[in-house]
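There are 2 protein chains.
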Amino acid sequence: MRKSLCFLLLFLSVFLFAAEPVFYDAQLYLEGMAFEDAPPFSRLPAVAEDLLRKPVWNLSRNSAGVAAHFITDATEIHIQWEVLNNFHMVHMAGTGIRGLDLYVKEGKQWFHLGTGKPYQAGNKRRLIKNLTAEPREYLLYCPLYDGLKSLYIGINPEAEITEIKRSEKPLVFYGTSITQGGCVSRPGMAYPAIIGRNLERETINLGFSGNGHMDPEIINYICQIDAACYIFDCFPNMDLEMIKDRTERELKKLLEAHPKTPVLLTPNIMEEDGWFDPEIYNACMAENAEVAAIYERLKKDYKNLHMIPFKQIRHVAVEGTVDGIHLTDLGSMRMAEVMGKWIKRCF
Amino acid sequence: MRKSLCFLLLFLSVFLFAAEPVFYDAQLYLEGMAFEDAPPFSRLPAVAEDLLRKPVWNLSRNSAGVAAHFITDATEIHIQWEVLNNFHMVHMAGTGIRGLDLYVKEGKQWFHLGTGKPYQAGNKRRLIKNLTAEPREYLLYCPLYDGLKSLYIGINPEAEITEIKRSEKPLVFYGTSITQGGCVSRPGMAYPAIIGRNLERETINLGFSGNGHMDPEIINYICQIDAACYIFDCFPNMDLEMIKDRTERELKKLLEAHPKTPVLLTPNIMEEDGWFDPEIYNACMAENAEVAAIYERLKKDYKNLHMIPFKQIRHVAVEGTVDGIHLTDLGSMRMAEVMGKWIKRCF
Numbered sequence: 011m012r013k014s015l016c017f018l019l020l021f022l023s024v025f026l027f028a029a030e031p032v033f034y035d036a037q038l039y040l041e042g043m044a045f046e047d048a049p050p051f052s053r054l055p056a057v058a059e060d061l062l063r064k065p066v067w068n069l070s071r072n073s074a075g076v077a078a079h080f081i082t083d084a085t086e087i088h089i090q091w092e093v094l095n096n097f098h099m100v101h102m103a104g105t106g107i108r109g110l111d112l113y114v115k116e117g118k119q120w121f122h123l124g125t126g127k128p129y130q131a132g133n134k135r136r137l138i139k140n141l142t143a144e145p146r147e148y149l150l151y152c153p154l155y156d157g158l159k160s161l162y163i164g165i166n167p168e169a170e171i172t173e174i175k176r177s178e179k180p181l182v183f184y185g186t187s188i189t190q191g192g193c194v195s196r197p198g199m200a201y202p203a204i205i206g207r208n209l210e211r212e213t214i215n216l217g218f219s220g221n222g223h224m225d226p227e228i229i230n231y232i233c234q235i236d237a238a239c240y241i242f243d244c245f246p247n248m249d250l251e252m253i254k255d256r257t258e259r260e261l262k263k264l265l266e267a268h269p270k271t272p273v274l275l276t277p278n279i280m281e282e283d284g285w286f287d288p289e290i291y292n293a294c295m296a297e298n299a300e301v302a303a304i305y306e307r308l309k310k311d312y313k314n315l316h317m318i319p320f321k322q323i324r325h326v327a328v329e330g331t332v333d334g335i336h337l338t339d340l341g342s343m344r345m346a347e348v349m350g351k352w353i354k355r356c357f
Numbered sequence: 011m012r013k014s015l016c017f018l019l020l021f022l023s024v025f026l027f028a029a030e031p032v033f034y035d036a037q038l039y040l041e042g043m044a045f046e047d048a049p050p051f052s053r054l055p056a057v058a059e060d061l062l063r064k065p066v067w068n069l070s071r072n073s074a075g076v077a078a079h080f081i082t083d084a085t086e087i088h089i090q091w092e093v094l095n096n097f098h099m100v101h102m103a104g105t106g107i108r109g110l111d112l113y114v115k116e117g118k119q120w121f122h123l124g125t126g127k128p129y130q131a132g133n134k135r136r137l138i139k140n141l142t143a144e145p146r147e148y149l150l151y152c153p154l155y156d157g158l159k160s161l162y163i164g165i166n167p168e169a170e171i172t173e174i175k176r177s178e179k180p181l182v183f184y185g186t187s188i189t190q191g192g193c194v195s196r197p198g199m200a201y202p203a204i205i206g207r208n209l210e211r212e213t214i215n216l217g218f219s220g221n222g223h224m225d226p227e228i229i230n231y232i233c234q235i236d237a238a239c240y241i242f243d244c245f246p247n248m249d250l251e252m253i254k255d256r257t258e259r260e261l262k263k264l265l266e267a268h269p270k271t272p273v274l275l276t277p278n279i280m281e282e283d284g285w286f287d288p289e290i291y292n293a294c295m296a297e298n299a300e301v302a303a304i305y306e307r308l309k310k311d312y313k314n315l316h317m318i319p320f321k322q323i324r325h326v327a328v329e330g331t332v333d334g335i336h337l338t339d340l341g342s343m344r345m346a347e348v349m350g351k352w353i354k355r356c357f
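Protein chains in written order, with this note's numbering: chain A, 11 to 357; chain B, 11 to 357.
One should not assume that every hint holds.
The list makes no distinction among identical chains, and a pair is therefore deemed to hold if it is satisfied within one copy or across any two copies.
With a Cα cut of at most 16 Å, we get these calculated EDC-like pairs of lysine to aspartate or glutamate [said to hold, decoys possible]:
{"#": "1", "residue 1": "139", "residue 2": "281"}
{"#": "2", "residue 1": "270", "residue 2": "311"}
{"#": "3", "residue 1": "270", "residue 2": "83"}
{"#": "4", "residue 1": "354", "residue 2": "46"}
{"#": "5", "residue 1": "64", "residue 2": "225"}
{"#": "6", "residue 1": "263", "residue 2": "144"}
{"#": "7", "residue 1": "139", "residue 2": "289"}
{"#": "8", "residue 1": "134", "residue 2": "255"}
{"#": "9", "residue 1": "254", "residue 2": "35"}
{"#": "10", "residue 1": "270", "residue 2": "236"}
{"#": "11", "residue 1": "270", "residue 2": "210"}
{"#": "12", "residue 1": "115", "residue 2": "144"}
Just so you know, the hints here were simulated from the structure itself, not pulled from any lab data.
Quick caveat: nothing in here was measured; it's all calculated off a predicted structure.
Using the sequences plus the hints, can you model the full thing?
Here's what the structure looks like:
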């Protein structure tokens with residue numbers, strides 16, 4: 011009797027403990043961070059804090075574009091994370107601002123598998139269960155408009171998890187709130203993330219909400235990154251004077267530092283009310299004309315400079331934004347389609 | 011001196027008062043409400059409160075599908091609104107839950123023109139300025155997951171505003187949270203709203219989050235509506251037993267009450283993790299098989315019954331949801347494309 015009780019307890023304990031996932035620090039598997047001496051899950055090196063404007067530094071702590079990239083044969087995947095600011099916005103879902111987003115690769119296609127909903131600053135959640143125990147490639151995208159104190163990936167104890175290192179150089183995106191992912195529903199739908207999956211490249215997201223000002227200090231940091239392509243989508247944050255003042259000078263620095271690497275310029279998309287409000291339309295087109303003029307001047311000397319014509323992105327925002335300017339999943343998917351084609355053409 | 015001061019004051023007062031918009035009660039211009047004796051901006055008659063399950067009644071106070079439909083030659087449009095619950099969800103933007111959404115028709119196409127961001131329970135906001143003073147047709151969509159205490163439309167004093175009455179019967183959608191608009195970025199992106207614009211029809215949104223249970227009382231109310239087409243997308247809220255128990259009986263009531271009006275069934279979309287978790291896949295397909303069997307039995311007697319085949323909507327949710335099941339603007343647009351084609355085919 012006592013013996014069979016022992017067996018029962020042993021059986022139950024194995025069964026119960028087997029059900030508990032084992033958690034691994036996601037920092038072992040990260041990509042999308044260009045600088046080794048950056049704070050955890052952050053986008054610029056710690057020393058940049060003293061060099062940059064305060065809002066740019068603060069935004070660099072948002073984990074946009076940072077993702078855990080790994081292989082596991084797990085049958086279930088859990089996550090546990092704590093955000094830095096518990097930030098909220100009225101025109102973007104919490105899942106996009108401070109949630110996690112899991113994708114899995116099956117054959118040659120990436121599939122959205124689960125979303126970590128951020129009910130409070132610290133959250134724990136199972137994202138998927140009942141998987142067959144085969145090794146699969148995953149991307150777990152970090153919050154777009156918040157930072158992370160910690161992130162752990164939990165798998166069933168029998169499973170293994172391994173980092174994936176890419177052999178190819180990353181794509182570097184410099185831009186605005188839209189580049190940072192405003193206002194998609196979850197981190198994997200930011201257009202740099204979509205392009206990264208479609209082109210099978212690591213992406214570095216240097217979108218800084220409201221602050222894509224071509225600050226010389228930021229361009230200096232971009233020059234330090236060995237990239238496959240540099241994509242500039244910062245003009246919606248720059249007025250005409252700022253475009254005239256900074257664009258040519260700052261682009262030249264990059265074009266000369268990396269003469270064989272393509273640099274792709276994206277003009278302003280048209281705000282949705284711009285088709286009805288001439289003031290908005292004219293401001294947008296004047297800026298785009300200035301960007302085009304700078305492009306025409308520079309491309310004579312720099313064959314690695316490219317620009318997407320405005321007419322190819324004029325449809326992107328139409329019904330594709332939440333507020334006239336910030337792309338939803340619909341607009342973001344359209345932007346990724348156009349931009350992805352241009353990046354491939356630049357290679 | 012005193013005289014010229016008088017003139018100056020007169021001039022300034024005319025100028026200042028001219029800049030102030032005149033506000034009109036949006037209740038003068040509403041569509042999307044099938045029942046005249048409903049509470050303000052609500053979807054079911056006041057007497058239904060005693061007949062319905064409490065959650066269904068509460069959800070009927072959400073203004074999903076309610077829209078002001080008007081013509082104005084305004085050069086600027088303002089709105090002022092107060093919501094009922096100031097409701098928040100972590101996986102849907104506040105603009106979709108409790109915001110307002112303005113569309114304008116130009117030629118034959120509808121354009122998104124402006125979004126009312128709900129920073130608190132009561133909000134006032136200019137949505138568009140600098141319009142040419144021509145009469146245009148507008149739709150101002152009300153919150154999807156909150157109700158309204160009040161809504162006023164402000165236009166420049168010289169402008170006029172007139173209600174638009176449609177001559178054609180409305181499309182009636184009965185369903186779940188997805189039908190209600192979960193989780194699009196703003197009210198105009200709920201799939202019934204997109205279909206309404208594409209087919210130029212009034213739409214009645216009877217999506218009840220988590221509660222699309224084919225309650226007999228709700229079907230009785232649907233029978234009272236004289237519609238161009240009834241669309242059922244409620245099965246994601248019904249388990250297999252509930253589908254077996256209620257679908258045939260409740261559909262028969264409607265099919266016999268309106269023998270010449272098309273009734274269109276939509277099977278379950280597949281949750282995104284269903285392609286990897288057999289438990290979810292099998293539950294979805296078993297329910298869809300049951301729905302298909304009921305459809306096959308009923309269509310022998312009721313020629314006005316139609317069903318969208320699952321294979322035509324299997325792509326809708328793929329990368330098109332925020333959390334595996336609730337459609338984003340991307341998924342909602344896809345659903346509207348497929349469903350819109352089927353509705354046109356049914357006419």
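The hints, checked one at a time:
1. 139 - 281: Answer is between; shortest inter-copy Cα gap is 13 Å, intra-copy 42 Å.
2. 270 - 311: within (12 Å within a copy, 71 Å between copies)
3. 270 - 83: The answer is neither: 40 Å in one copy and 55 Å across copies each exceed 16 Å.
4. 354 - 46: neither (28 Å within a copy, 57 Å between copies)
5. 64 - 225: Answer is within; shortest intra-copy Cα gap is 12 Å, inter-copy 56 Å.
6. 263 - 144: neither (47 Å within a copy, 49 Å between copies)
7. 139 - 289: Intra 53 Å, inter 9 Å, cutoff 16 Å: inter-copy only.
8. 134 - 255: neither (48 Å within a copy, 37 Å between copies)
9. 254 - 35: This pair counts as neither: shortest intra-copy Cα distance 45 Å, inter-copy 47 Å.
10. 270 - 236: within (11 Å within a copy, 67 Å between copies)
11. 270 - 210: Answer is neither; intra-copy 21 Å and inter-copy 53 Å both fail.
12. 115 - 144: within (12 Å within a copy, 52 Å between copies)
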